[in-house]
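Can you make the complete structure from the sequences, with help from the hints?
Chains as they are written, first to last, in numbering that gives the first Met the number 0: chain D, 0 to 338; chain B, 0 to 334.
Mixed in with the good hints, there may be bad ones.
The calculated SDA-like cross-link candidates involving lysine to any residue, where the alpha carbons are at most 20 Å apart (straight line), are [as the list claims (entries may be wrong)]:
#, chain 1, residue 1, chain 2, residue 2
1, B, K33, D, G88
2, B, K33, D, P71
3, B, K164, D, G63
4, D, K171, B, K164
5, B, K164, D, P310
6, B, K164, D, I72
7, B, K189, B, K164
8, B, K57, D, G88
9, B, K164, D, P71
10, D, K171, B, R223
DEER-style ranges, computed between Cβ atoms [claimed, not checked]:
#, chain 1, residue 1, chain 2, residue 2, range
11, B, R225, D, G63, 19 to 29 Å
12, B, P105, D, E319, 21 to 31 Å
13, D, S102, B, Q31, 40 to 50 Å
14, D, S102, B, P310, 50 to 60 Å
15, D, V202, B, Q31, 33 to 43 Å
16, D, G279, B, T180, 28 to 38 Å
17, D, D44, B, A226, 41 to 51 Å
Just so you know, the hints here were simulated from the structure itself, not pulled from any lab data. The beta carbon of each residue, even a glycine, is placed where N, CA and C say it ideally should be.
Listed below are the residues making up each chain.
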Amino acid sequence: MSVAAPGGPAAAAPPRVETFYVDAIREALSEEMARDDRVFLLGEDIGVYGGAFKVTDGLIERFGEERVLDTPISETAIVGAAVGAAMAGLRPVAEMQFADFISCAFDMITNFAAKSRYRTGCAVPLVVRGPAGGGVHGGPFHSQNPEAYFAHTPGLKIVQPSTAHDAKGLLKAAIRDDDPVLYFEHKFLYRRVKEVLPAEDYVVPIGRAAVRREGRDVSVLTYGAMVWTALEAARTLEAEGIDAEVVDLRTLFPLDEETILQSVARTSRAVVLHEATRTGGIGAEVAAVIAERCFECLDAPVVRVTAPDTPVPFAPALEEAFLPNAEKLCRAVRVLVGF
Amino acid sequence: MVQLTPEQRIDLYRFMRRNRSLEERLVHLYRQGKIVGGLYRSLGQEATSVGSASALEKGDVLGPLIRNLGSVLVMGYSAREVLTQHLARASSPTGGREGNLHFGRPERGVVSSISMLGALVPVMAGIALAARMQRLRTVAMTYIGDGATSTGAFHEGLNFAAVQKLPLVVIAENNGWAYSTPFRKQTAAKCLADRAAAYGIPGETVDGNDVVAVFEAARAAVDRARAGGGPTLVEAKTYRMKGHAEHDGQSYVPREELEEWRRRDPIERYAERLIAAGDATASALDAIDRAIAEELDRDVADAEASPSPAPQHALDGVYASGESAAEPAFLRRLV
Numbered sequence: 000m001s002v003a004a005p006g007g008p009a010a011a012a013p014p015r016v017e018t019f020y021v022d023a024i025r026e027a028l029s030e031e032m033a034r035d036d037r038v039f040l041l042g043e044d045i046g047v048y049g050g051a052f053k054v055t056d057g058l059i060e061r062f063g064e065e066r067v068l069d070t071p072i073s074e075t076a077i078v079g080a081a082v083g084a085a086m087a088g089l090r091p092v093a094e095m096q097f098a099d100f101i102s103c104a105f106d107m108i109t110n111f112a113a114k115s116r117y118r119t120g121c122a123v124p125l126v127v128r129g130p131a132g133g134g135v136h137g138g139p140f141h142s143q144n145p146e147a148y149f150a151h152t153p154g155l156k157i158v159q160p161s162t163a164h165d166a167k168g169l170l171k172a173a174i175r176d177d178d179p180v181l182y183f184e185h186k187f188l189y190r191r192v193k194e195v196l197p198a199e200d201y202v203v204p205i206g207r208a209a210v211r212r213e214g215r216d217v218s219v220l221t222y223g224a225m226v227w228t229a230l231e232a233a234r235t236l237e238a239e240g241i242d243a244e245v246v247d248l249r250t251l252f253p254l255d256e257e258t259i260l261q262s263v264a265r266t267s268r269a270v271v272l273h274e275a276t277r278t279g280g281i282g283a284e285v286a287a288v289i290a291e292r293c294f295e296c297l298d299a300p301v302v303r304v305t306a307p308d309t310p311v312p313f314a315p316a317l318e319e320a321f322l323p324n325a326e327k328l329c330r331a332v333r334v335l336v337g338f
Numbered sequence: 000m001v002q003l004t005p006e007q008r009i010d011l012y013r014f015m016r017r018n019r020s021l022e023e024r025l026v027h028l029y030r031q032g033k034i035v036g037g038l039y040r041s042l043g044q045e046a047t048s049v050g051s052a053s054a055l056e057k058g059d060v061l062g063p064l065i066r067n068l069g070s071v072l073v074m075g076y077s078a079r080e081v082l083t084q085h086l087a088r089a090s091s092p093t094g095g096r097e098g099n100l101h102f103g104r105p106e107r108g109v110v111s112s113i114s115m116l117g118a119l120v121p122v123m124a125g126i127a128l129a130a131r132m133q134r135l136r137t138v139a140m141t142y143i144g145d146g147a148t149s150t151g152a153f154h155e156g157l158n159f160a161a162v163q164k165l166p167l168v169v170i171a172e173n174n175g176w177a178y179s180t181p182f183r184k185q186t187a188a189k190c191l192a193d194r195a196a197a198y199g200i201p202g203e204t205v206d207g208n209d210v211v212a213v214f215e216a217a218r219a220a221v222d223r224a225r226a227g228g229g230p231t232l233v234e235a236k237t238y239r240m241k242g243h244a245e246h247d248g249q250s251y252v253p254r255e256e257l258e259e260w261r262r263r264d265p266i267e268r269y270a271e272r273l274i275a276a277g278d279a280t281a282s283a284l285d286a287i288d289r290a291i292a293e294e295l296d297r298d299v300a301d302a303e304a305s306p307s308p309a310p311q312h313a314l315d316g317v318y319a320s321g322e323s324a325a326e327p328a329f330l331r332r333l334v
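Structure, rendered in structure tokens:
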């Protein structure tokens, strides 16, 4: 129920409705398209069908088929055309139906888009977005977290929101950014997390992490759906007298090193938690940053809790064994605290 | 059919000669060890580059490849820009961050290629798409070698452009060789123009060593694209008279084949044609050659006198913010 504002019933505030993560993404696309006619979308089944996950549902009716472009099954052409359009002054947002398929556009992203400004001074302000992550029994090709492939490519920026607020704000920031941004949304969160979003226009700046829970004993550095896993673990640990801090990286490249280091300087212990597989993952980079810049403030080794180095398995029992969870995180934290 | 004015006919000659003469200077610098990296020749292919790019109008956009020196000269690149790029000088268009013809000039409508061949086709389709969305009359033109028509990017880009009926012209430069791989090991198709049928677009084969024929075919494709008729694939049959790059002695190329194509040299053929048609005298063409040589003397001297980039600029320009690329974290902490 809304409450009448002092100005009388005419000025009544609208009811504060909670927005799901998936709808927050659509709001960001829709608002940016309304705000800036250079912004357009292209991808497979995003127009008439509204996207495999309905992220772009209704946008073709509002903005027309020229700005919500259904394409052939052609990730190279989708991202390639986005690169060309970005060079020509537009702000394309390319959808990968699943983030797994971004491998098909690897060359366009890493060699064309990422290096263009450095090589030739030509800006490529595009966004490539798509659903990443497991937990929905998608198997090896519909569950991957491909961020680390791209974190080795200077010129790119990589973000992954964990909340509906950030899903909207980070996407708006990505669209307004003058460099290519990869925006990985976690499909597990689409219709599982929601919150009341600010009524006014806002962005979440790229390059800034957020402390989701303050704690004294250990820093859990994580992102995406694992932020919620970390918060769940923190509640369990609290009952055991362990006070965990949870840092949501939000931007995976370039990392917000200052927020990471400030947190670890306070707690003296660090666990990096991610759903992507272990070797060469974002966690390895975070651990290296801590080791290089904050070695003397550590009371224990930096530990990674990640998926193991295997493809994502299909059967629920196997996938559950593969994915990190609160219990696995709690075990690692207990070892660290007792080190 | 658009008729070339006498002035335009001479321009075609001038650009082909500038292409060849500039490249001869680059060879000289290469042999002196002054060129940084490889040198990729376009000897014998000048008519394909110059004829096709000359079919564009102001406001059109070109995506050239490494052997399209003639094309970028038509688009307004200067010899100094090309020389400083090859010499890796601070005054080069990329400040030494890139080499050879890998530089773009948005104000002149030129997009830089990357070394991954085929990649320009979808990107140029994107340029054409953006132009149409902005209600511009722009046509995008790009090149593809016989070798790169085997890539997925070529297929995806041309298919996308065809479905969208984009104003895109793709010049398939069939020079017979992809590094050491001959055409017959690249494709089972008889000719590259046949591939157009797979996309539902027009395909045409022209003599790539006949600058006027290339111009006319390219102009027809450009006009069709501008009128909303969608993409065209124009195959220009030519020959790579040198190895893949200057280090490559092309031992795998049959000598008699080279000899046969030498007799079809595009510049000699065109000069004879101009003289026979009364468009120019031999001495007038000689005067053009001399003027180009004198200009190149100055350009080479200037380029050689330019300094190398200062090392700290290696970190510039990765992101828009103007921040340097992230140096190792411990350095940042110590400094």
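Hint-by-hint comparison with the structure:
| no. | hint | in the structure |
| --- | --- | --- |
| 1 | K33/B / G88/D | violated (37 Å) |
| 2 | K33/B / P71/D | violated (47 Å) |
| 3 | K164/B / G63/D | holds (17 Å) |
| 4 | K171/D / K164/B | violated (31 Å) |
| 5 | K164/B / P310/D | violated (40 Å) |
| 6 | K164/B / I72/D | holds (17 Å) |
| 7 | K189/B / K164/B | violated (26 Å) |
| 8 | K57/B / G88/D | holds (18 Å) |
| 9 | K164/B / P71/D | holds (13 Å) |
| 10 | K171/D / R223/B | violated (39 Å) |
| 11 | R225/B / G63/D: 19 to 29 Å | holds (23 Å) |
| 12 | P105/B / E319/D: 21 to 31 Å | violated (52 Å) |
| 13 | S102/D / Q31/B: 40 to 50 Å | holds (44 Å) |
| 14 | S102/D / P310/B: 50 to 60 Å | violated (35 Å) |
| 15 | V202/D / Q31/B: 33 to 43 Å | violated (54 Å) |
| 16 | G279/D / T180/B: 28 to 38 Å | holds (34 Å) |
| 17 | D44/D / A226/B: 41 to 51 Å | violated (31 Å) |
Checked against the numbered hints above, the structure breaks hints 1, 2, 4, 5, 7, 10, 12, 14, 15, 17 and satisfies the rest.
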